[in-house]
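2 protein chains.
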Amino acid sequence: MTEPTDQNPGADQRITISVDAMGGDLGPAAVVAGIAICAQQNPDVQFLVFGPEAELDSLVSRRKLTRCCTIRNVTEVVRMDDKPSHVMRHGKGTSMWAAVEAVKSGEAQAVISCGNTGALMAVSMLRLRKLPGVDRPAIACLWPSQNPGGFNVMLDVGADIRADAKDLLQYALMGGSYARNGLGVERPRIGLLNVGTEENKGRPEIREAHDLITAAASDASFDYVGFVEGGDIPSKRVDVIVTDGFSGNVALKTGEGTALLIRNFLRQAFRATPLSRIAALLAVTSLRRLSRRIDPRRVNGGVFLGLNGTVVKSHGSADATGMSSALQLAIRLAESGFNERLAARVASFDLGGQDAESETAEAADTEQAP
Amino acid sequence: MTEPTDQNPGADQRITISVDAMGGDLGPAAVVAGIAICAQQNPDVQFLVFGPEAELDSLVSRRKLTRCCTIRNVTEVVRMDDKPSHVMRHGKGTSMWAAVEAVKSGEAQAVISCGNTGALMAVSMLRLRKLPGVDRPAIACLWPSQNPGGFNVMLDVGADIRADAKDLLQYALMGGSYARNGLGVERPRIGLLNVGTEENKGRPEIREAHDLITAAASDASFDYVGFVEGGDIPSKRVDVIVTDGFSGNVALKTGEGTALLIRNFLRQAFRATPLSRIAALLAVTSLRRLSRRIDPRRVNGGVFLGLNGTVVKSHGSADATGMSSALQLAIRLAESGFNERLAARVASFDLGGQDAESETAEAADTEQAP
Chain Z
0 MTEPTDQNPG ADQRITISVD AMGGDLGPAA VVAGIAICAQ QNPDVQFLVF GPEAELDSLV
60 SRRKLTRCCT IRNVTEVVRM DDKPSHVMRH GKGTSMWAAV EAVKSGEAQA VISCGNTGAL
120 MAVSMLRLRK LPGVDRPAIA CLWPSQNPGG FNVMLDVGAD IRADAKDLLQ YALMGGSYAR
180 NGLGVERPRI GLLNVGTEEN KGRPEIREAH DLITAAASDA SFDYVGFVEG GDIPSKRVDV
240 IVTDGFSGNV ALKTGEGTAL LIRNFLRQAF RATPLSRIAA LLAVTSLRRL SRRIDPRRVN
300 GGVFLGLNGT VVKSHGSADA TGMSSALQLA IRLAESGFNE RLAARVASFD LGGQDAESET
360 AEAADTEQAP
Chain E
0 MTEPTDQNPG ADQRITISVD AMGGDLGPAA VVAGIAICAQ QNPDVQFLVF GPEAELDSLV
60 SRRKLTRCCT IRNVTEVVRM DDKPSHVMRH GKGTSMWAAV EAVKSGEAQA VISCGNTGAL
120 MAVSMLRLRK LPGVDRPAIA CLWPSQNPGG FNVMLDVGAD IRADAKDLLQ YALMGGSYAR
180 NGLGVERPRI GLLNVGTEEN KGRPEIREAH DLITAAASDA SFDYVGFVEG GDIPSKRVDV
240 IVTDGFSGNV ALKTGEGTAL LIRNFLRQAF RATPLSRIAA LLAVTSLRRL SRRIDPRRVN
300 GGVFLGLNGT VVKSHGSADA TGMSSALQLA IRLAESGFNE RLAARVASFD LGGQDAESET
360 AEAADTEQAP
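So the protein lines, in turn, are chains Z and E. Numbering follows numbering that gives the first Met the number 0, in which position 186 of the first sequence is assigned residue number 185; successive positions increment by one, without gaps. Numbering follows numbering that gives the first Met the number 0, in which position 120 of the second sequence is assigned residue number 119; successive positions increment by one, without gaps.
What the hints contain is simulated information worked out from the structure, not anything from laboratory work. All figures in this text were calculated on a predicted structure; none of them were measured in a lab. There's no promise every hint is true.
[Said to hold, decoys possible] Footprint (simulated), chain E over chain Z, 3 or more residues, beta carbon under 8 Å:
id	region
1	132 to 141
2	222 to 230
3	236 to 249
4	299 to 306
In this text, a Cβ means the ideal position worked out from N, Cα and C, and glycines have one as well.
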């Protein structure tokens, strides 16, 4: 039911991941270091790496990755302050554009970039196009949670600051599909983010979405738990949290900021007295385990949902660990044939036509979150 | 410049706090226990306690508080699921209504309740009225932060899910005044919550508010730091974070949820091995200090800003510790004559007329967060 593309790998076909090596805060060295970690765990995966050949050549050979990496020479780079509209018009020669193009052409099954989010979404929409039936693609993130799998899914966390009721229903369908295929949750429980759990709470579009998702739940093999609040995002009550890109972005960054604050407080607490310093030594492995559980680098990787192709956005500041965990996510999604399943799921709900025509390059500048 | 009320205490006048003893999850026992803690630290403060006389009498005498507490017999109670519109029409005989009335009449300088937030805001707006120049009152909360004072202020966290550019400017003025008088920050740094720090980011009303606050900053004795993101809420970059009630409520509850999650992870980490259990014993005082720093009970107390009177909303689930910290906040604000200063600050900015006429009881039901 999706547009024909060449990107569906057979079960026995080797996975190829397209990697934009440029645009991250730490430069291509961190990206290649991430590939090195990931390649050890996935010896059969190939990487198509886009960026300036000379620089990449030396990084790749130094890490002995020539066997699994193919370098594609691209000299231009999308900068963090480039406007999405500018990149859409003039970005053809950039590593980001070329990396996305590799998914479009079917050379790779997923693309990953740690560059400018707005530009990556704009280029992905332009080259891969939206899935039939999807009005607004969304960015989904993973959130450390008390659920057995360790993560919940939240979307949209910043693809578009607006979302109407129909968009929120699509986010529910797409988020459910992602939780099923990416996280292995058989029957995801979906909640709609609001400022209270009573039915009369929230903006009109949220109350309308509540009715739409309630109606869709029986056919869509997910359970709708109704309205949830910010405190429920990491809870056992839900697997998927649906919200607009503004609230989702605020929640995501607030959660990260709170975790960072507590980390600092914890460090201070353990330095406070000689006894607590000894305690820190004794508890070092337990504390490391804790630190890993709340380390934003380990949940790195926002996934763009609603496009004809899998696009993973890594944090701009991702180091080798962060990059490798985002690559791992891209591989898992490519292996599961996730995007084809998602397309089928969305297509099975007739939500009326797309408003693709209304998009302009100008709109992209103001609508997309960082 | 404010409407004449009798609520301005002279510096030598005794502070009286009006307390709604009912409507909290733990009932009047927790409220009276909170008064007991607070009364020890504030021997000169009087409490007017509203609720069923027989029950309160026995609680107050058991805690030997008869000297500082005056009980006012009120038998009806606002329940958590009562609609604000219903309470506005039929709530006259409730402890919440009577407690607010004591500020209106000048008997008390501040009122505190742990009941239904929407109803408390509705009754407060009805009886105390909005300050001249204020269109939408806001709820401000304290947020543990890396600043020397230990707290940042955020508003609105749920009085109204909508806010236009002018409302956001008023929140900046009111939040600045609160930080100055409530927290002792001489020249507060104010930030506007958005999904990015670039000027072209966010919804139109946020970009418009950005211009209004920039223009107001020089006259208003605060510094405007521009757009901030969720991760900045607990940071040293700002003292006051301005946002609409929907995003503010989501951020507040997400922060609380994240802190709770990490607390649970930390507890698990310290139970993981025999060595970590010994470490926990050695570090017990340091860990308690950490726990206190991120304990939501210690930052208990949302303040309603923009009314002719000081109203403090305590968490519905507040225990004695939480209640006492909210009471402490009410006393600090009453002592500083905060509300009169706030009124003067808002009045000094001519923002055009109020739209008080457009309010209806129906609107209150859907607009107010829990």
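Status of the hints after comparison with the structure:
For a cut-off of 8 Å, the count of residues in the region 132 to 141 of chain Z with a CB near a CB of chain E stands at 0, and the three-residue condition is violated. Counting residues of the region 222 to 230 of chain Z whose beta carbon lies closer than 8 Å to any beta carbon of chain E gives 3, which reaches the threshold of three, so the coverage claim holds. Using a Cβ-Cβ cut-off of 8 Å, 6 residues of the region 236 to 249 of chain Z lie near chain E, which meets the minimum of three, so the contact claim holds. By the rule of at least three residues with a Cβ nearer than 8 Å to a Cβ of chain E, the coverage given for the region 299 to 306 of chain Z is violated, with 0 such residues.
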